[in-house]
Structures are given as structure tokens and as C-alpha cells.
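Please construct the entire structure, taking both the sequences and the accompanying hints into account.
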Amino acid sequence: MKFMVPLAIFGVLVAVLAIGLKLDPRYVPSPLIDKAAPAFSLSALEDANTTLTKASFSGRPLVLNVWASWCSACRVEHPLLVSLAQAQGIEITGLNYKDTREAAQALLTEHGNPYHQNIFDPAGTLGLDLGVYGVPETFVIDRDGIIRHKQVGPLTPEIWQRDIAPLLAKLKAKAGA
Amino acid sequence: MRRFFCLSFVLCLATGLVGAADTPHTFTDPALQARYETLLNELRCLVCQNQSLADSHADLAQDLRDEVYRMVTAGQDNAAVLRFMVARYGDFVLYRPAVKPLTWSLWFGPLGLFFLVAILWWRIQRQSSKILDTPLSSDERQRLAALLPTADSHDNAS
Numbered sequence: 001m002k003f004m005v006p007l008a009i010f011g012v013l014v015a016v017l018a019i020g021l022k023l024d025p026r027y028v029p030s031p032l033i034d035k036a037a038p039a040f041s042l043s044a045l046e047d048a049n050t051t052l053t054k055a056s057f058s059g060r061p062l063v064l065n066v067w068a069s070w071c072s073a074c075r076v077e078h079p080l081l082v083s084l085a086q087a088q089g090i091e092i093t094g095l096n097y098k099d100t101r102e103a104a105q106a107l108l109t110e111h112g113n114p115y116h117q118n119i120f121d122p123a124g125t126l127g128l129d130l131g132v133y134g135v136p137e138t139f140v141i142d143r144d145g146i147i148r149h150k151q152v153g154p155l156t157p158e159i160w161q162r163d164i165a166p167l168l169a170k171l172k173a174k175a176g177a
Numbered sequence: 001m002r003r004f005f006c007l008s009f010v011l012c013l014a015t016g017l018v019g020a021a022d023t024p025h026t027f028t029d030p031a032l033q034a035r036y037e038t039l040l041n042e043l044r045c046l047v048c049q050n051q052s053l054a055d056s057h058a059d060l061a062q063d064l065r066d067e068v069y070r071m072v073t074a075g076q077d078n079a080a081v082l083r084f085m086v087a088r089y090g091d092f093v094l095y096r097p098a099v100k101p102l103t104w105s106l107w108f109g110p111l112g113l114f115f116l117v118a119i120l121w122w123r124i125q126r127q128s129s130k131i132l133d134t135p136l137s138s139d140e141r142q143r144l145a146a147l148l149p150t151a152d153s154h155d156n157a158s
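Here the protein sequences line up with chains U and S, keeping their order.
Numbered per the numbering used here, the first sequence spans residues 1 to 177.
Numbered per the numbering used here, the second sequence spans residues 1 to 158.
Keep in mind the hints are simulated off the structure, nothing from the lab.
Heads up, the beta-carbon is just placed ideally off N, CA and C, and yes, glycines get one too.
Keep in mind that the hints are not guaranteed to be accurate.
To be verified - Computed footprint of chain U on chain S, listed as stretches where at least three residues anywhere in the stretch have a Cβ under 8 Å from a Cβ of chain U:
#, region
1, 43–53
2, 80–91
Said to hold, decoys possible - Which chain U residues face chain S? A few, computed with CB under 8 Å, are given here:
#, residue
3, MET4
4, PRO6
5, ALA8
6, PRO31
7, GLN117
8, ASP129
9, GLY131
10, GLY134
Structural data, given as C-alpha cells:
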């Protein structure tokens, strides 16, 4: 009985530290979840004369993938994006972040282009408004242009299946209804 | 030898200078300059998380410094700059997070813990002094005498 109090304190301490160990210190929760995506007016990667705006987001839920040719982690997730786009017909909008047109297009030619459209953001202005801090980042945006999910770091098939695929299916069901 | 120490001291100082921000922004107005520098020290870089924007060499930190510079030059006040950063990166960017229900445990937790320990300590002290102050009953005295025959005999002898 005498040992119950220290034992209880020890138990609580172990539980708190165990939770703390499991947390990822690099994960910063985004304040943008459930907020409207920022407005922008940037050119398309493929064509400098085409202007893309937030209007290109509306109408259906979509996946927005922030990437760059200089980003090595982006190449890790690239094959997954290609297979999602080709095999499952997932619509992925690219945000080419602080890159050059030549380098970005060369990468897409070499490794395949999973993007339905690509926003070219050489100065990182839209990236700043989206709170991008570790490329690659992936956002899920609903048909009303509201950000519903943010993934920092490369996508893996597990993360896709666990976090993004169910959310996207839910948003699509809602958009269709 | 002395010259050697002088030289190494100067070199140490020089490394500190190299560590400063890559492309520093300068203002003609010293008040704006001071505000800019204060803001950079209040904001955390998200890439190297234990460095402020003033210290960090990350590309992102440079972008954010440019943004702070732009906003300060445009006449925005400190609160507006901090709001801008929090809207994009969350409370995490602030080295001094705002006092609100979510951060109460952060701000007042240590003080609460201090009072909790103080109260516990006070109660333990009071309990042990109570034990010392209470005289032994005749029954307890007899048991004590049985346990400590030498002390008892010593008592009788004196």
C-alpha cells in the first residue's frame, strides 16, 4: 500500500514519456487545415502564357503535391504519384516550388508526369502562403477549395492508404451527392 | 605565445561573425532596424527548429527574413508580422507562444507544479512534527522500555 503512490507516479511518468517518444518532433500541425486555400495567380509549368488561379481548384476534391527537381525526397515519392495517376486515375495538381522550368520539365520527361496540371512558383510565394517548410508536401483540398489534410515529407503507399485515400473517397462521395 | 593567443581569440570572434545571417537586410531608420531584428529573434525557423530566423541559414529562413523585411518596410506593425507567420506556420513559429487555454499548461504548469510540491512538503512536515510532539501513552512507554533495556537501565542509574 505504501508503494502505491510512487508506483502510480512512476506509471504516469512512463506513459507520458512513452507518448512523447512516439511523437515526431519535426511534425508541425498546420493552422491551414479547414481553412480556404490561399488565392494565387501563377503561370503553368508547361506554358508561361497560361495563368492558373485558385479557380482551377474548385469543382472537385484534389490532391496538391508540392515538389521540386532539386528535392531528393520528392524523387522517392515520384513513382507512387505516377502509379496513382496512371493506374487509379487520381487527379494530382503539382506545385513546382522554387525551381526552374527547364529542370522541372526535364525531370518529368525522364521519370514520367503524374500531374494533371502544374503550378509554377519560382519565388515560392504560394508555398509561403501554404506554410510549406519541408518539400515534398501534399495537401488534400475539397471541391470548395478548403484544405482538409496536409502531409509533410514523402508519401508512401502506407500513408496514402491510411490517410489520404479514405479522405479523398469521403470528399468525392460528398462532392458527388 | 601571447601573440598566438591574441590571434586565436580574434579568429574565434571572426567565426561568430561568419555565423550571422547570409544576406542581411539593412534599414536607414534605426528604429525599423531594431524592430526587424527583434522580430527575427522572436520567430523560429521551421527547418532547423532550434534556431531563430536571425540565426538560421536555411533557404526557408532567408525567404521568411525577406518577408519580414518587406512587411516592416511596408509599415506593418510587429503584431501584423507575427499574425502573418502564425496564420501560415502555426503557433510553433513563436518562441513565446500566446497565452490561451491551449497553452495554459505550458505557461502556468511549472508554477502549479511548484505549489503542488510546496503543499505536499508542508503536509509531510506537519505530519512528522505532529508525531514528534505527541507524548507516548503509558502502554507505548512500557513497550519502549521492553525494547530498550539498556537505555532504561541507564536512565535508572542516573
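Next item on the list: Give me the numbers of the hints this structure contradicts, sorted from smallest to largest.
Entry: Hints 3, 4, 5 and 7 are the ones this structure does not satisfy, whereas the remaining hints hold.
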